[in-house]
Amino acid sequence: MTMPAAAPRPNGRLRWPFALRIEARLDAPRGLATAVSLGAIGVALLLGALILRVVGGDPWRAYGHIARAAFGDVGVFSDTLVKATPLILVGLACSVAFRMKLWNIGAEGQFYMGALGSSIVILTGLVPEAASRPVTLGVMLLAGMLFGAFWGLIPGWLRARLQVNEIITTLMLNYIAIAFVNFFVFGVWSEGGFQMTATFQRAAWFPRLSDLADQWPGLRGLTTHFGLVLGVIASAVVWFLLYRSRWGYEIRLVGDNPKAAEYAGVNITRNTILVMMVSGALAGVAGMSEISGVVHRLQTSISPGYGFTGIIIAWLAKLNPIMVVPVSVLFGGLILAGREIQPAGVPRLIQGIILFMLIASEVLLRYRVRLVRVAAER
Amino acid sequence: MDPIVILHAGVASGTVLLFATIGEILAERSGVLNLGVEGMMLIGAMSAFSVTASTGNGGWGLLVAMLAAGMLALLHGLVTIHLQADQVVSGLALTFLGVGLSLVLGEGLNKAGAISLLPVVTIPLISAIPVLGPIFFTHHSVMVYVGYLLVPAVWFYIHRTRQGLDLRAVGENPTAADAMGLNVQWLRYVHVWVGGLLAGLAGGTISLAISPGWFSELTTSGQGWIAIGLVIFAQWDPFRAALGSYAFGALRRTILDIQGPQTLFTLRNPFFYNPYLGFFLQMLPYAFTIGVLILGSRAAQRRHLGAPAALGLPYVRGERGH
Amino acid sequence: MMDVPLAVEMRGIVKRFPGVLANDQADFDLQRGEIHALLGENGAGKTTLMSMLAGLYKPDAGTIRLGDETVSFRSPRDAIARGLGMIHQHFTLIGPHTVTENILLGMDKPRFLLNLAEYDHSMMDLGERFGLQITPTAKIWQLSVGEQQRVEILKMLYRGVRVLIMDEPTAVLAPQEVEELFKTLRAMAGEGKSIVFISHKLQEVMAIADRITVLRQGRVTAPGIPSASTTKEDLARMMVGRPVLFAVDRKPIQAGDVVLELEGVCAANDRGLPALREVSLKVRSGEIVGVAGVAGNGQREMADVITGLRRCTAGRIRVHGQDVTNHPALQMIRNGVSHIPEDRTHVGTAPNLSITDNLIMKTFREPPLAKGLTLDHHAARKKAVQLKAEYAIQAPNVEVPTRQLSGGNLQRVILARELSLKPRLLIAMQPTRGLDVGAIEGVQRLLLDQRNAGSAILLVSEELEEIFALSDRIVAMYEGKIVGEVQTRDPETIGMMMTGGKRSPSEAGAA
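As they're listed, the protein sequences go chains A, B and C.
With the first letter of the first sequence counted as 1, position 190 gets the number 189 in numbering that gives the first Met the number 0; the numbers rise by one all the way through.
With the first letter of the second sequence counted as 1, position 288 gets the number 287 in numbering that gives the first Met the number 0; the numbers rise by one all the way through.
With the first letter of the third sequence counted as 1, position 121 gets the number 120 in numbering that gives the first Met the number 0; the numbers rise by one all the way through.
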């Protein structure tokens, strides 16, 4: 893979003495991956600016607005963290599955099912209204995880047993989950014909920072809720699972080389199903956390595509559970600020460009471009 | 609930899936999985509607739709063929980009365009054939007839031409194809591009003919993904793709029609009395896609058929064995 | 002889790959109508040098001349257009396509319409002209390896090549098929075509070549010497740079109890077709049983069945008398069965995981590495460091991903993992394939040590010399059957058995 930087003259007298040489890297220097990722985001933002400019917007104002509206003061940063909370959980969900090369792009549907599960236990009165907050939240969490896990089990089982491509099935299940939730919201528990149920009892709400405003007045109005703690704990747990547990070792082995895993006696069928369930459960927790921490009832359109953003977050974090947290905060800010930006597609457009830049830039990790003296080789 | 009406409508709306599915078949036959069909279709639908609305010419609309979607496909080609990025992730990125871009560019477009912006044609003589005539040759958009021609043409291209042979070779064994002097990258670019053109055509067909207008994401409502599922069901064969597409079209129409009558097969129609059950009907195309995938993969296993062997793998020349 | 025109002349060829100097000022010339062997160890740069002649790579320095003209090929197609074609070790055939489709691939004609029936006829005619039997409408995957090679040769003949380069063409063939190939090659040379025969097998090179060029570490150590004026020993010295011992030191020891017993074992291959037919076999402790056979005759399926990676459809497998038929892979690992797989990168290792992670692949479930459900990564690292030293794995540290290791070091990682399990039974598939001479000796010594320590070893190899050197007993395999045990260490006899020759071993011995 060499390409001359300039066409050599046929007579050989005047010759550009350098050539660009693209070589495979055997080893990437430390920190290069981070630098390349940051560079990719930078270039993506520039490209996004260009597109905004072309369609007649003012990109710098838009970006300035995003920065202020997401990180400008404690209040908005708290809102950013609220947006980051479900992103952390779905980002982890995607990371776990992708680590085993299972393309779970159904985190969106699993998120909805988690929300549905945690709402059902309240709406059906399975948890009495008088129940204490820890019990209520515990049951909701469990129900959310179970529903999410079930929604991951279906494509996992189909993939493991019948070799059905999980990309399409998880995606189809997103549409099905959303229609399913809509059925319950409109057809079963609609509050006066609106697209939402009645508000849940306080015991079903996650504690918020503002709940502590009596002791610390500075926290007044801050919406960050307990789900964030859950997300951070989950990222530590997933890290430990992947890098310090026997099961995590099996996941990494299957992800890198399924044949070798089989050869090492790893049960791939069982692991496929289990990993999809864990992934679904994490996304389900995200749905539960959104119900308990933000909307406090079941309603339609609870996710502006968190499940899909989770894919980008997982990729940007290089599937590292710890890195998922800061990346989610960044994207939380983008989504928060993006709500106010017109036209509505901008955040999605920028996410798309970022993902493109990211995967395109990975070539820099695998190859290095060197300028070499042609003469020196003779 | 007239079967002729349902099948007629099935052929019409199935044409959208047909274009997208055949486009994806061509891309995948060359070894490139392009999951960005939904994004490409949406950009096609948006640009076709927007151009037609301002020029009044559906032909220009379709052309721009195809070129716009083709551009996106080339981007996928660049990233996966040249930069060897993961095809799955790149396809997802393309979906985001296509959807985002069409929402941004389609902002403020006049939403509804009640009538078809492309000519509607009844073929003389053969439309008089009983059953088949009214289903296939009566009062259809020209795009439906384009679909009829496309299916055998693509089959012929794949199996009976030198270019088709090259295409199949590149998708099965790019190393061998390269060694025999085929330009693997070029062939992949061309077919990924053509796949994009057809996805754009599919999108344009929606917004100009099948359900005219621009309804943001709901314009395609996941049909791009269904098309990818159909490719597996079709086992990369255009005729099976046609079968699957038209069947899906008919299913969509059935779902719409089933909520109309008060009785269904002499029984009380639950969908009439409880409109909320309609949400379950909405799930059907997606549930059927899963079903079709299961059938497709079972058949592939039984007949030892399968995807093009090199599907999803970047081709790097001169990689040394050991 | 002096005025035979040169077909090809390569001068001062240099080719670098990242971290490797593959060819260093290599010269090579080829005359019209000769069979010229290019001899060297694995990794000596033979294939690389010829790939440049075939237009696959471009040299970093040096010139290639055809007749009086300096040429620079941009692609294999370019080279073929000038009459130079190469048949690679891994065939460049499209499995689901027919013979004719494969031959037509990449040709200028037909430009658009494929009239296959018409071309089928011309393929038949061309085959007959050179004595190569083929069925043009057959799909490649239905053909044997020997038949596939014929398709490759036809492909080049159809393109009218004048120079045919064949990379290790005999590696996949049985001795009798080799003889047939040699006949074809001589016929082609007789028609004035030049043939480059890449090989690392001295015997064959002496048998077929008119002249021989030897490469060592990318440099030419013998430039086109006539084969009549040299000896195997000389060639070996030029190949390796020092005198070679052709045998390892194997002391006879008393074999012990039966460890592995196969009884009428049948299994299917990946396509679901029968690949193992009623195989019965015993391996005792302290014994190496060598399985001779051409690749693809059921050896891999046999190894898979014994290690629990493939279901057997009939028959019984016993390890130490205990019935383990169709036990899952994990159970077989626990039964003390180690496995050196044929495919190091696709089966034997996880290339992006560290050496440590690769070394613990079979021990991570038990203490001391496992602590409950967690994995003690300090213990894993310690174990890896120890194995790295013990098995002389050359790498900067144990955190390096195994994709960065050379073939020899990769094999050491696998050996370290498998042998440190102290297996009762070891299935060794092609344990030295693709390694250089030094590494081969090391691996063979490790296998013998393991045997001396009382393991039962089933050795599958395509190298008859290796089978002879290591095995206490030898069986031959053909079309999924064990066709017999070989008493005499005579290549002729084994060759007959490996190809389904009619003669039974006793008759062969008498003949």
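Worth double-checking, as some hints may not be accurate.
With a straight-line Cα cutoff of 27 Å, these simulated DSSO-like cross-link-like pairs (lysine-lysine) come out [stated by the list, open to error]: (1) C:K138 <-> C:K108; (2) C:K421 <-> A:K258; (3) C:K200 <-> C:K138; (4) C:K370 <-> A:K258; (5) C:K281 <-> C:K250; (6) C:K182 <-> C:K200.
Honestly, the hints are just simulated from the structure, not real lab data.
Given the structure is predicted, the values throughout are model-derived calculations rather than measurements.
Comparing the hints with the structure gives:
1. C:K138 <-> C:K108: 21 Å, holds
2. C:K421 <-> A:K258: 23 Å, holds
3. C:K200 <-> C:K138: 31 Å, violated
4. C:K370 <-> A:K258: 26 Å, holds
5. C:K281 <-> C:K250: The given pair, whose Cα atoms are some 21 Å apart, holds under the 27 Å limit.
6. C:K182 <-> C:K200: Roughly 18 Å between the alpha carbons, so the hint for K182 of chain C and K200 of chain C holds.
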